[in-house]
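Grab the two chains, each in its own frame, and use the hints to assemble them into the complex.
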Amino acid sequence: AQSVTQPDIHITVSEGASLELRCNYSYGATPYLFWYVQSPGQGLQLLLKYFSGDTLVQGIKGFEAEFKRSQSSFNLRKPSVHWSDAAEYFCAVVPYINDYKLSFGAGTTVTVRA
Amino acid sequence: DTGVSQDPRHKITKRGQNVTFRCDPISEHNRLYWYRQTLGQGPEFLTYFQNEAQLEKSRLLSDRFSAERPKGSFSTLEIQRTEQGDSAMYLCASSLPVDEQFFGPGTRLTVL
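The listed protein sequences derive, respectively, from chains A and B.
Counting from 1, position 113 in the first sequence corresponds to residue 161 in the working numbering; the numbering is continuous, with no gaps.
Counting from 1, position 49 in the second sequence corresponds to residue 50 in the working numbering; the numbering is continuous, with no gaps.
Pulled out of the complex, with its shape left as it was, chain B reads as follows (with noise of 0.2 Å):
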């Protein structure tokens, strides 16, 4: 197992689309988590699976943002009529029960 991956790793849309995002975990770690970075800024919170349940939601994620992990793996990010405030590196990482989380090396996406 080489570490988290995340695809892709960049992304380019058009205000209004749709886009999907993965994140494959380390394959033992139960717990995934998505994050956000802006420029600038560190990462900040958006969501936390511990397997396949979906434990918490940040308040940065609005309506157009849901997460799934099916089957407790993989776990996709889909960010529907997306915005320009979108614009960011989303961020995967993925942990056992408290123990340091490691990180995938993000997918950045550029809504024009």
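This is chain A alone, in the form it adopts within the complex (with noise of 0.2 Å):
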């Protein structure tokens, strides 16, 4: 079946340390490939965005990805974290070109220590 699948459920990183959220997708085609963040009570906000081109993509707030397709995988990385970045992190795949709907993964919570 296809899926979008997101191995961690629940991260715990000390401020300042670095991060790496893993992701990978299951589906034919190169899809168009998506991380967005949701905070309590806040609905999603885009973090980055991979449609073609430099596999290693820069995003909002010191985020980056890097997109592997031998690996099929989508994985975040933020160098040093804020604990601002305590939040939920999802991936998200359109699996076609024309296609529109966004498949989810579970999501990954993260939490940061002081």
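Just so you know, these hints were derived from the structure itself, not from any lab.
Check each hint, because a few of them may be wrong.
[Said to hold, decoys possible] The calculated lysine-lysine pairs, modelled on DSS-like cross-linking and capped at a C-alpha distance of 25 Å, are:
{"id": "1", "chain 1": "B", "residue 1": "Lys-58", "chain 2": "B", "residue 2": "Lys-72"}
{"id": "2", "chain 1": "B", "residue 1": "Lys-58", "chain 2": "A", "residue 2": "Lys-149"}
{"id": "3", "chain 1": "A", "residue 1": "Lys-149", "chain 2": "A", "residue 2": "Lys-116"}
{"id": "4", "chain 1": "B", "residue 1": "Lys-72", "chain 2": "A", "residue 2": "Lys-149"}
[Said to hold, decoys possible] What follows is a list of derived Cβ distance ranges for each label pair:
{"id": "5", "chain 1": "B", "residue 1": "Arg-65", "chain 2": "A", "residue 2": "Lys-109", "range": "34 to 44 Å"}
{"id": "6", "chain 1": "A", "residue 1": "Ala-65", "chain 2": "B", "residue 2": "Glu-69", "range": "41 to 51 Å"}
{"id": "7", "chain 1": "B", "residue 1": "Gln-42", "chain 2": "A", "residue 2": "Thr-60", "range": "12 to 22 Å"}
A virtual CB, placed ideally from N, CA and C, is assigned to each residue, including glycine.
Structural data, given as structure tokens:
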């Protein structure tokens, strides 16, 4: 079945430490790829997106993600985490060029400790 | 334009009642989407409009659910005869063609 997998349900990281969130997808073609963040009581905010081109994409709030076709992965990274990065993070894909529906992973909750 | 807005933000209702939610998209966006998010899960696609035309409905959208987008502007999502299993966050998003979707804050529905 076609799916988006975020293997880590919950990650705890110290403030100032690096963060990496994993995302794998299983679709035949290279989909459009997105990372969204959701803070409590807030809607989903787009961090970054990959459509084509350079496989390392920069986003807002100091986040970056790397698309690896051979591993069907689109992992999110941040070199130094701030307390305000505590939130839930969702990887999402639009499977085909002419499609429009976002398919989301189950999300990873990030806790930042002082 | 401040983004996608949704109303109400919270709705508590009794089982069997009807509820209606409203979404106001970003004004120049011709695409509008509804998603449902349950606790501990990512959002799931419900339905999609291009202008006023509803082009796709998910199998998640039972006959008790209906969505409209008159005149291609705001959209409403109605749930008839609510059930406890309908309790969720209902998210609306809008976009231009082949572009990122911008999400509203959501309407949290609790069915007692």
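Quiz item: Taking only the CA atoms, is the gap from B/Lys-58 to A/Lys-149 under or equal to 25 Å?
Solution: The hint holds at about 11 Å.
Self-check item: Supplied distance hint 12 to 22 Å, evaluated on CB atoms of B/Gln-42 and A/Thr-60
Solution: Because 21 Å falls inside the window, the suggested range holds.
Exercise. State, for the Cβ atoms of B/Arg-65 and A/Lys-109, whether the hinted interval 34 to 44 Å holds or is violated.
Key: holds, 39 Å
Quiz item: Given the hint that A/Lys-149 pairs with A/Lys-116, does the C-alpha gap stay at or below 25 Å?
Solution: Holds - the C-alpha atoms of A/Lys-116 and A/Lys-149 are around 22 Å apart, at most 25 Å.
Quiz prompt | Verdict for A/Ala-65, B/Glu-69 (Cβ pair) under range 41 to 51 Å | solution = Distance hint for A/Ala-65, B/Glu-69 holds at roughly 48 Å.
Quiz item: For the pair supplied as a hint, B/Lys-58 and B/Lys-72, is the alpha-carbon distance within the 25 Å limit?
Solution: Satisfied, since the Cα-Cα distance of roughly 19 Å is no more than 25 Å.
Quiz item: Are the Cα atoms of B/Lys-72 and A/Lys-149 separated by 25 Å or less?
Solution: holds, 22 Å
The structure agrees with every numbered hint stated previously.
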